[in-house]
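Undergrad: Protein sequence lines correspond, in order, to chains C and Y. In terms of this note's numbering, the first sequence opens at residue 551 and continues consecutively. In terms of this note's numbering, the second sequence opens at residue 270 and continues consecutively.
Any given hint might turn out to be false.
As the list claims (entries may be wrong) - List of simulated lysine-lysine pairs, BS3-like, C-alpha gap at most 27 Å:
| id | chain 1 | residue 1 | chain 2 | residue 2 |
| --- | --- | --- | --- | --- |
| 1 | C | 1068 | C | 1005 |
| 2 | C | 1106 | Y | 380 |
| 3 | C | 954 | C | 662 |
| 4 | C | 1005 | Y | 332 |
| 5 | C | 779 | C | 796 |
| 6 | C | 1083 | C | 937 |
| 7 | Y | 341 | C | 569 |
| 8 | Y | 380 | C | 796 |
| 9 | C | 1027 | C | 1068 |
| 10 | C | 850 | Y | 332 |
| 11 | C | 1025 | C | 1106 |
| 12 | C | 1035 | C | 1085 |
| 13 | Y | 380 | C | 569 |
| 14 | C | 1129 | C | 1025 |
| 15 | C | 954 | C | 1106 |
| 16 | C | 850 | C | 1045 |
| 17 | C | 1075 | C | 954 |
| 18 | C | 653 | C | 639 |
To be clear, the hints were calculated from the coordinates, so they are not data collected in a lab.
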Amino acid sequence: MAVTNYILVCGGTGCESAKADAIYQNLIHASQTEGVSETVQIVKTGCFGFCEQGPIVKILPEDSFYVQVKPEDAEEIIKEHVVKGREVKRLLYNKDNSKKHAKVEDIQFYQKQFRIVLRNCGFINPEDINEYIAREGYAALEKVLFEMTPDDIISELKVSGLKGRGGAGFPTWLKWKFTKDIDDPVKYVVCNADEGDPGAYMDRSTLEGDPHSVLEAMTIAGYTTGANKGYIYIRAEYPLAINRLKLAMEQAREYGLLGENILDSGFSFDVDIRLGAGAFVCGEETALLTSLEGNRGMPKPRPPFPAVKGLWDQPTVINNVETWANIPVIILRGGEWFAKIGTEDSKGTKVFALTGKIRNSGLVEVPMGTTLREIIFDIGGGIANDKEFKAVQTGGPSGGVITKEYLDTPIDYFHLQELGSMMGSGGMIVMDEDDCIVDVTKFYLGFTVDESCGKCSPCRVGGRTLYNILDRITKGKGEMDDIDKMRSVGHAMTKASLCGLGQTAPNPILSTLRYFEKEYHAHIKDKKCPSGKCKELISYYILADKCIGCAACARKCPVAAITGERRKIHRIDQDLCVKCGICYETCKFDAIYVG
Amino acid sequence: MDISRERLDEILLEHAYDAASLIAILQSVQEEAGYLPYPALLHIADQLRVPMARLHSLGTFYKAFSLEPTGKHTVCLCMGIACHIRGGQQVMEKLQRNLHVAVGGTTADRKFTLETVRCLGCCSLAPVMRVDEHIHGRMNQSRAVEILQDY
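Pulled out of the complex, with its shape left as it was, chain C reads as follows (with noise of 0.2 Å):
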């Protein structure tokens, strides 16, 4: 019997977490018992990217677009939907509430997307070789392995003007060509999967949805460069996309698209995975090589560069996720036609993670010029709850933060960097009036601190004297001269620090100085925090004409601050509070109040 319908299910850590397997499983079984098994495949797909409403069910042809589903929601969707060809309305995703039928180009999230590297995420079963193949898969390693010489690779990445996706933008093309060019028998070819920014996730999602892309791109890095053997250093706490790599790179091998002779062309290529063992700084690529052979993950002066003296000190050619992911569609559709996505200085498209006071969080793709308003008000649906834009941050902890006089700007790698942030590995959190800029800044201080491997002075002291100073302020002892000081020691770590994550630590603090030198003012001078957040500078009370006296915060409260008889106004000791904010949490009545 025909197949009628295809249900994909969101399979991504996200929806995972929110119990896709078993609605996936529920689907099955209520399948086989309402005896439609052979009429429908269900398969569990890569991240659809919309993880806001997950966990996300769709279905084909009829492209209905199911969010918010649970398992018992399953039996529903195939005896209504399936069965009878009825669409189940109350799970439909539409924003106005209308009955109208969503449809995914309908979804304002999509709409303004562009996905290269994302292009299978969600469409194909990432477990499956031949759902891959069916898409175009390993037909660009096929092209370059009897068509096209290493020269010719490289000069169709040239023209593309693909730059490296991991942070620094480094042109790919030249990395392959400087690794080319030696004569050297050993050479390798490193996959960095140490995806480490907080707030970033699009290499997990990647791998996760689609697997073989990087694995396709690492073979036709090796038959470039001449490199016969490959490392995928992923981190150990994504055991779904380890997993799902193991799975793609036995399905190669089998098909013979991995390992010795591939496709009987005389090339070979065999690929290892290695897992990072929690170590920031490993996605620094010199530091990620050291750990790589077996020691502690401390980066080494550049140069010379891993292109030329990298894996046991042979030719490296090292990528991220995101840019590997990039590489078979470019192949396949020429550097021209890639090259005409973006911008005059950055070609192609970027995938960002939404996250933070942001109404629709999750992963989104689009060309490098889009604005920032695009993406968080089109794409991102706004801020949540209707509070007011504060700030975005990008970059992550090397990055800065980008105000509102700044949404129309473009984004692309020199752009972000004029406005003091820089691109990153593509993290984008989204701030509101409530969040405190000192204490966000301090946030990403207190990670470089953490993660600071310690080899140099300027990142190991500087990088603390920093936390200290921010730690102050946020706890009403800063001085004025502070900020001048935070300003010199910045500079000096920027100048003379080894590796990235020191050079880029006090972007963070010189960023938001530039734009926010009044709320580090209000800190310091004022001894108040105008959001609310830094524990020390304030104080929680309740609010009489709110408080209806159901003492549920009484209940709750840890140290027993709060006092008040049933159904009365209830009051907190100000001498007893922790500030721990679990009568905030607790309230349904907007009672209690922050300042």
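Fit chain Y to the given chain C structure using the hints.
TA: Chain Y only, in chain C's frame:
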């Protein structure tokens, strides 16, 4: 020691007694024993002919390794930026108070070890708490405590 010598030799053999795979070897030991027992490290150093200092330097550098025994369950709070601005810090402080441990510590009954991680990459579920392999999203102080009661 929480891992037998025979098992250690098997792990070493799986990695062809190659010192370049030291991190992977230690990851296997950590996974099976729950920490890196000192006698196990001595045995590995001896077998691979690498100085004990190198093992110690790896064991203290990477967050995945612990030189002390850990609890039965590992409670890991995500301290990524998305979780931070949605209140992850308060959840962590609540658990510290309830479990009477600092971050990295193990409860007196050896039931829970409290850890933090910098971003699990499911930021739309922020704040996120992971108990062993299980991810719980949209945490707040009360829910976090309730979830741990089920263990």
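Undergrad: Residue 850/C and residue 1045/C: Cα distance at most 27 Å?
TA: holds (16 Å)
Undergrad: If you draw a straight line from the CA of residue 779/C to the CA of residue 796/C, is it 27 Å or shorter?
TA: holds (16 Å)
Undergrad: Take the C-alpha atoms of residue 1005/C and residue 332/Y, compute the straight-line distance between them, and say whether it is at most 27 Å.
TA: Holds, at about 17 Å.
Undergrad: Sort out whether residue 380/Y lies within 27 Å of residue 1106/C, counting only the CA atoms.
TA: holds (24 Å)
Undergrad: Regarding the pair residue 1075/C and residue 954/C, is the alpha-carbon distance no greater than 27 Å?
TA: holds (25 Å)
Undergrad: Given the hint that residue 1083/C pairs with residue 937/C, test it: the Cα-Cα distance must not exceed 27 Å.
TA: Distance of about 16 Å is within 27 Å: holds.
Undergrad: Would you check the hint for residue 954/C and residue 662/C, treating anything up to 27 Å between C-alpha atoms as holding?
TA: Satisfied, since the Cα-Cα distance of roughly 21 Å is no more than 27 Å.
Undergrad: Take the C-alpha atoms of residue 1068/C and residue 1005/C, compute the straight-line distance between them, and say whether it is at most 27 Å.
TA: Violated. Residue 1068/C to residue 1005/C sits at ~35 Å, over the 27 Å cutoff.
Undergrad: Is residue 850/C close enough to residue 332/Y, meaning Cα to Cα at most 27 Å?
TA: With a Cα-Cα distance of about 21 Å, the restraint between residue 850/C and residue 332/Y holds, given a limit of 27 Å.
Undergrad: Compare the distance between the alpha carbons of residue 1035/C and residue 1085/C with 27 Å, and conclude whether the hinted pair is satisfied.
TA: Holds, at roughly 24 Å.
Undergrad: Between residue 341/Y and residue 569/C, is the straight-line Cα distance small enough, at 27 Å or below?
TA: holds (24 Å)
Undergrad: Need the status of pair residue 380/Y, residue 796/C: alpha-carbon distance at most 27 Å?
TA: violated (33 Å)
Hint compliance for this structure: hints 1, 8, 15 are broken, all remaining hints hold.
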